Each structure stands twice: as structure tokens, then as C-alpha cells.
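Asks: Residue strings, one per chain:
There are 2 protein chains.
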Amino acid sequence: MPRALDDLIEAFSSLPGIGRKSAARLAFFLLKRPVEDSRDIAQRMVKARESLKPCKICGNLADNVKCDICEDNSRDGSLICVVEEPSDVTAIESTGEYRGLYHVLGGALSPLDGIGPDDLNITALKKRIGDKPSEIILATNPTTEGEATASYLLSILSGKNVRITRIARGLPAGGSLEYADKNTLARALENRTKLDK
Amino acid sequence: MPRALDDLIEAFSSLPGIGRKSAARLAFFLLKRPVEDSRDIAQRMVKARESLKPCKICGNLADNVKCDICEDNSRDGSLICVVEEPSDVTAIESTGEYRGLYHVLGGALSPLDGIGPDDLNITALKKRIGDKPSEIILATNPTTEGEATASYLLSILSGKNVRITRIARGLPAGGSLEYADKNTLARALENRTKLDK
Chain E
521 MPRALDDLIE AFSSLPGIGR KSAARLAFFL LKRPVEDSRD IAQRMVKARE SLKPCKICGN
581 LADNVKCDIC EDNSRDGSLI CVVEEPSDVT AIESTGEYRG LYHVLGGALS PLDGIGPDDL
641 NITALKKRIG DKPSEIILAT NPTTEGEATA SYLLSILSGK NVRITRIARG LPAGGSLEYA
701 DKNTLARALE NRTKLDK
Chain B
521 MPRALDDLIE AFSSLPGIGR KSAARLAFFL LKRPVEDSRD IAQRMVKARE SLKPCKICGN
581 LADNVKCDIC EDNSRDGSLI CVVEEPSDVT AIESTGEYRG LYHVLGGALS PLDGIGPDDL
641 NITALKKRIG DKPSEIILAT NPTTEGEATA SYLLSILSGK NVRITRIARG LPAGGSLEYA
701 DKNTLARALE NRTKLDK
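Residue numbers (the numbering used here), protein chains in the order written: chain E, 521 to 717; chain B, 521 to 717.
Hints listed in this document are in silico derivations from the structure and should not be mistaken for laboratory results.
Treat the hints with care, as some may be off.
In silico contact screen, one side only, chain E against chain B (beta carbon under 7 angstroms); selected entries [claimed, not checked]:
#1 524
#2 528
#3 531
#4 566
#5 586
#6 590
What follows is a list of derived Cβ distance ranges for each label pair [said to hold, decoys possible]:
#7 E:668 x B:696: 46 to 52 angstroms
#8 E:574 x B:631: 52 to 58 angstroms
#9 E:586 x B:571: 38 to 44 angstroms
#10 E:591 x B:571: 39 to 45 angstroms
#11 B:536 x E:593: 41 to 47 angstroms
#12 B:662 x E:671: 56 to 62 angstroms
#13 B:635 x E:618: 28 to 34 angstroms
In this text the structure is predicted, and so the values were computed from the model without any measurement.
Every residue, glycine too, gets a C-beta built ideally from N, C-alpha and C.
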């Protein structure tokens, strides 16, 4: 195999969810397409990485000092939804159900990986409490690390005059009790909601 | 979502086997990595596409006038294995069972897609018969297009003084009769081989 092809397959293999076979398939695909296609994708990769920086306010990806959501005056500034990653903002935005602001931590507490509170975007969150939001929604992942992060944030924010909530954990839509793990089922029972007649 | 991110996700979505969700995952992954990673992959994409050209002899991908296989004097020049794409060469090479040369057609006959004999690397193949190979192995895919291409090659090469063979079609290793389609089963019966005691 020519060296340049091997180098490209190796590079694609380094991406998440792409094994050596998929990487080879992508490489051969690009080699069959016009050279402009490769140049275009390559340019978009570098441009995105170079031009997107964390928003000075919330830590979300921004092509300016502030991200589009922080810039949007029609959003509800009394709500701040705290998430781990910019991709979580995209996921919540895709529901179309949330009109408040965000705060992106840049990860979750993970002592095993050496990630402590100082490695996360927490100082800026504490400052934002001064803007007097009425509610902070802790929307970190329902994993060990995400739960630990939510507990930690609750402990350092609970003295402040703000309502702190956690996103609901329960059965996913379309899921079934039979296949749910016991932690999920226990949470679904614990967090049951009252039905109105 | 910032424009540069949207552009990148759209570019990744244009690749085979990558839907919008996987594309977003790749984009967010790169944005978390150092900028050098994006630059490196981008550069390898453009370099591979720009530096690899069809081998003048066989049509395989080459970083020189001739590909590594045609350059390799230890290969058996009496055998030419005809395949559709450079990726097929890689697949056959990975078996380690073949020591002859290749000929890459660059596709298969497909009247519906407007691909006729003149669009394939066939003239060069006819010339190579002058090198007096003892056998041409037709290893196009066992699809409608691949079979049609093999039939066509047989018809134009059969006047020449060369043995022409077709790769075996039958049950894949690890497969089962129960789940095989009827064409495959019919071929497996038709092409049965004699067992020696």
C-alpha cells in the first residue's frame, strides 16, 4: 500500500467509532472523488478548530467572544442549564423545549482521570449567580462522573439564593421495564410524578 | 450552532457510512483535541488525494509512475488478477495468498449508470496480454455489474492465447446454508469441488 494512503487510513482510524476497515473505506472514497472534495473537507476541519473558541460567558463553542445563545436577547436569562460538553447544548437545543441559557463545564469530575473542580469551568458559573438567575438546572450526564459533578455543584451553590434542580432520570421514551437496569428503575420509581385527574 | 461547526458536520456527513449523528460526534471530538490533530488529518487527506495516481501499468493506486506491486520483481508476472477497484487489491493482498500481478479496471460495466467498456481500464489490459501472462483471473465482484464485466472480458479476451479463470463463488467461510440466498447456494452446488481421499 502506498505510504500516503496508509498515513490517511491511520489518521481516520484515530477518530472515534472508526475502525481500520471504515477508515480504509473513507480513504478509498475520497481518492475516487475530485481533489476539491478532499481540500474542502480538510479546510473545514482546520477552520472549525481554529475559529471556534469557548464563549466568554458560558463556555459553549462560539465563533465570536460570546456564543449565539448568550448573544440572543430573546432567551430566558433567569434559567441556566449546566452541561458537560458543547455537544450536550446541541442535544438539548434539538428538543426545541428549552429557552434559557447554558453553562458548559468542559467535562465532569473524574478523580481517576485527574479531573478536579479546577479543571472545569466552575469559577465562571459561580460568578454568573451574581446575575441572579432564578434556577440552575444541573444537566450533567447520569453517569458516576456526572452525578458526582452535580453533587459537587449542589454543595458549592446551595448557600446561594437560587433554585437548583437536576434533570429527571427514569425510563427513556420507547424503553421497557423488562430491559431497564435496576438503577434506572429505582430512579423511575423514586422520581415518580403525580398525575392530575 | 456556529457556522464553522455546521459546515464541518455537513462535510463529514457527505462521507459514506457517516450519518449526521456520527458526523457531529467526529466534529466535537476534533474540537476537543489540539489544533495540530485537525491540521494533521487535513494535510494527510489532501496529500493522499494529490500524490496518488493510477499506476501506468495496472491502474492501481501509486505514488510513482508504477505501483509498488508492478515494481516488485519478485511477483509472479505470469498471473494477472483483474479487479474493479484499488480497495480490492488491498483486500486480496491482505490474504497473503496471491503473489501475481493485478489489473484495476476502475469500476464495473453498468449501463444504468452510463458506464461502458470505454470508461474502464480495458485497453491497457488487452495490451498486457502481449506480455504473455499464462492466466488472467477475473476477480470482479459477484454482483450483476461485476458478473457482466467478467462476461464481457471473457468475450474480448477469449481469442487470445491465455487461460481465463473466475474467482469461486460459493458459501462464505463461517456462513450457513440456512441463511444463504438461493443464487449463492446454486453457485455453491454448481461449482462443487472434488475431494481427494
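Asks: How about residue 566 of chain E: closest beta carbon in chain B under 7 angstroms, or not?
Replies: holds, 5 angstroms
Asks: I want to verify a distance hint. Is the separation of the beta carbons of residue 591 of chain E and residue 571 of chain B within 39 to 45 angstroms?
Replies: Hint holds: Cβ distance 44 angstroms, inside 39 to 45 angstroms.
Asks: Go ahead and decide if the range 38 to 44 angstroms is satisfied by the Cβ distance of residue 586 of chain E to residue 571 of chain B.
Replies: Holds, at about 42 angstroms.
Asks: Should the hint that residue 531 of chain E touches chain B count as held when the rule is a Cβ pair under 7 angstroms?
Replies: Since chain B brings a Cβ to about 4 angstroms from residue 531 of chain E, closer than 7 angstroms, the hint holds.
Asks: At the C-beta level, are residue 662 of chain B and residue 671 of chain E separated by a distance inside 56 to 62 angstroms?
Replies: holds, 58 angstroms
Asks: Should the hint that residue 668 of chain E and residue 696 of chain B are 46 to 52 angstroms apart at their CB atoms be regarded as holding?
Replies: Check passed, 48 angstroms falls within 46 to 52 angstroms.
Asks: Could you check if residue 586 of chain E really has its C-beta closer than 7 angstroms to a C-beta on chain B?
Replies: Violated. Min distance 11 angstroms.
Asks: Kindly confirm whether 52 to 58 angstroms is satisfied by the beta carbon distance between residue 574 of chain E and residue 631 of chain B.
Replies: Given range 52 to 58 angstroms: holds, Cβ gap about 55 angstroms.
Asks: Between residue 635 of chain B and residue 618 of chain E, does the beta-carbon spacing fit 28 to 34 angstroms?
Replies: Given about 50 angstroms between the Cβ atoms, the range is violated.
Asks: For the restraint on residue 590 of chain E, tell me whether the closest CB of chain B is nearer than 7 angstroms.
Replies: violated, 12 angstroms
Asks: Given a cut of 7 angstroms on the nearest C-beta pair, is the interface hint for residue 528 of chain E held or broken against chain B?
Replies: holds, 4 angstroms
Asks: Looking only at beta-carbon atoms, does the pair residue 536 of chain B, residue 593 of chain E fall within the given range of 41 to 47 angstroms?
Replies: Between residue 536 of chain B and residue 593 of chain E, where Cβ atoms are some 42 angstroms apart, the hint holds.
Going through the hint list in order, the structure does not satisfy hints 5, 6 and 13.
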